[in-house]
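Those protein sequence lines, which keep their order, are chains S and U.
Just add 574 to wherever you are in the first sequence, counting from 1, and you've got my numbering.
Just add 1 to wherever you are in the second sequence, counting from 1, and you've got my numbering.
No lab work stands behind these hints, which were simulated from the structure alone.
Think of the CB as a built atom: it goes at the ideal place given N, C-alpha and C, for glycine as much as any other residue.
Please note that the accuracy of each hint is not assured.
When the alpha-carbon atoms are kept at most 27 Å apart in a straight line, the in silico DSS-like pairs for lysine-lysine are as follows [what the hints assert, rightly or not]:
hint, chain 1, residue 1, chain 2, residue 2
1, S, K810, S, K684
2, U, K136, U, K56
3, U, K266, U, K195
4, U, K224, S, K682
5, S, K684, U, K224
6, S, K592, S, K682
7, S, K631, U, K136
Going by beta-carbon spacing under 8 Å, a handful of chain U positions derived as facing chain S [as the list claims (entries may be wrong)]:
hint, residue
8, V12
9, L13
10, T39
11, P122
12, F204
13, L207
14, Q265
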Amino acid sequence: MTEHAIPIEIRRRRKRYKELLRALLYISPAAIIILVFRVLPIIAAFGVSFYYVIMGKIVGFAGLSQYLMLLSDSEFWNALRNTSYFVVGTVPVSLFVSLFIAVLLNQKIKALSIYRTIYFLPVVTSLVAVAIVWKWIFHPRLGLFNSFLESIGFNHLMWLEEPRGVFAMLAARMGIELPTWMAGPSLALVAIIITNLWRGIGYNIVIFLAGLQNIPNEYYEAARIDGANRFQTFWKITWPLISPTTFYVVIMTTIVSFQVFTLVYLMTGTPVGGPLGTTKVLVYYIFEKGFESGGDMGYASCVALVLFVIVLGLTLIQRRLIERRVHYY
Amino acid sequence: MRLLRRIPIHVLLTIGAITMVLPFIWMVSTSLKTPQETFIPPDFFHLRPTWIPEKVIFSNYVEAWNEVPFPRYFLNTVFIAICTVSGVLITSCLAAYAFARFDFPGREPLFVFFLSMMIVPQAVYLVPSFIILSKLGWVDTYLALIVPWLAQIFSIFLLRQQFRTIPNDYYDAALIDGCSRMGFLWRILVPLSKPTLVTIGLFSLLGSWNTFIWPLIMTNSDKLRPIQVGLSYFAQEQGTEYGLMMAAATFCVAPIVIIYFIAQKQVIESYARSGIKG
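Construct the entire structure; sequences and hints are all you get.
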């Protein structure tokens, strides 16, 4: 039978079939890796969390019992609280400082590219080196930070070795004693937050700058003609028009902050997460449970999935909350 | 007048810039100090000996470089980076091409499914990945450090966006002129997408240079250690040898910083572009 004799329907179907095969062939190198090293592990994480898995070996079915164990695991709640402090300490400050600097840089500054290059430098630097250098900067006796504080008239502090909460420390100076639950993040955790802010602010500045440069200049000209001052211009024009970028920055900073690990792992210790467990964060707890102390991988997966649910939930909530107030233009 | 109004802005920006740079200067300055000098409490507003050592020495670099096999760590990282970057570029081009140009059932759902994988935190797949890699017998091999990173969803996404900006007429015209589909990808799409490919290559390079937690978990032996893991073990073993630590940190950071200064425009533009939601 020759080609011509085949009905057009079948020829068309054959062509589509061929097209699908071809597409799959092109996609397959990426798809196989994504399926084996992304999709499969995520499915497996759920599976593993229902079993007792020690060092990669299943030793028994756990059902939901490991999740129930989480509820009464004070170390888990401590890690969750520390991680929340870390996120709450990072996101607003990073947002405010980076937007402020981006707005300054957007004033048709001559040396814009020099400033931008410098602010962005820490972003490309490895976290391992950042952690090592900042641990040295926060050294109680030989560190740069205390030297700076002392020369401008402040007391020197123990930083990474200080387990007391910062609110409690502040209150204590005024002679007030706060209850434990109000003590706040330890000064050690605050030191890690400062390091993280220093490292990440350049990224947010660059994202904000890109957003600011998308705002049409006519709006600013109109505002100037109407006699608006700088604050009015910012609140009436820049802030609403930049809101999609703000939305992105807040979500990304939150998600990334929830996954802090390297700074804690290398700046604190021994044991890691110290002093007194006040810097132990979720990802480090997952690492510790799953790979360090006995390799309780089932339990580590439970904690990891809680982290996943938190990140997913926050993304959805933020999307709902902020999207209503976001202006798209 | 205009210039005068600008002064406060520049003052603020300069203070910020100094804050960004000082830790680097402190790192290099410490790396040039003798052990005795590192034990003198610094005085922030004194140039000497805080910022400029009384006695400049370079032996910390030599000592740190030779104390643990840093050359080996560098070679490991360079090898892993070359494999990863070229692998990512190839797999991304192929997949993005199919997602952008081919018409096949299930294209959009499959793409959205891949994209949704991006919100999963790395911590979630750390444990199961370790189990999968040990079942494959890949734990503590180069394969574990390279193969899982040979495809990146975000790169496919960026490249698909880019490929879609190239008019369909090019495609039709090329096929009529007898160009094969594969030929169209390599001869027309790829040359037209250089900035995006540079972005993907840079991200992939920075990623494999700076990666830490993955190789920390997936390897044990000293021979396989990439640079960051090597640096972290080295720092943890030093105790109070701050000069050595800072010297090691300096030469581990230097290559990327140099690349960054050479290609800073491309790097920053790449990040800026990655933040714009598609």
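If any of the earlier hints don't hold here, list their numbers in rising order. 2, 4, 5, 6, 8, 12
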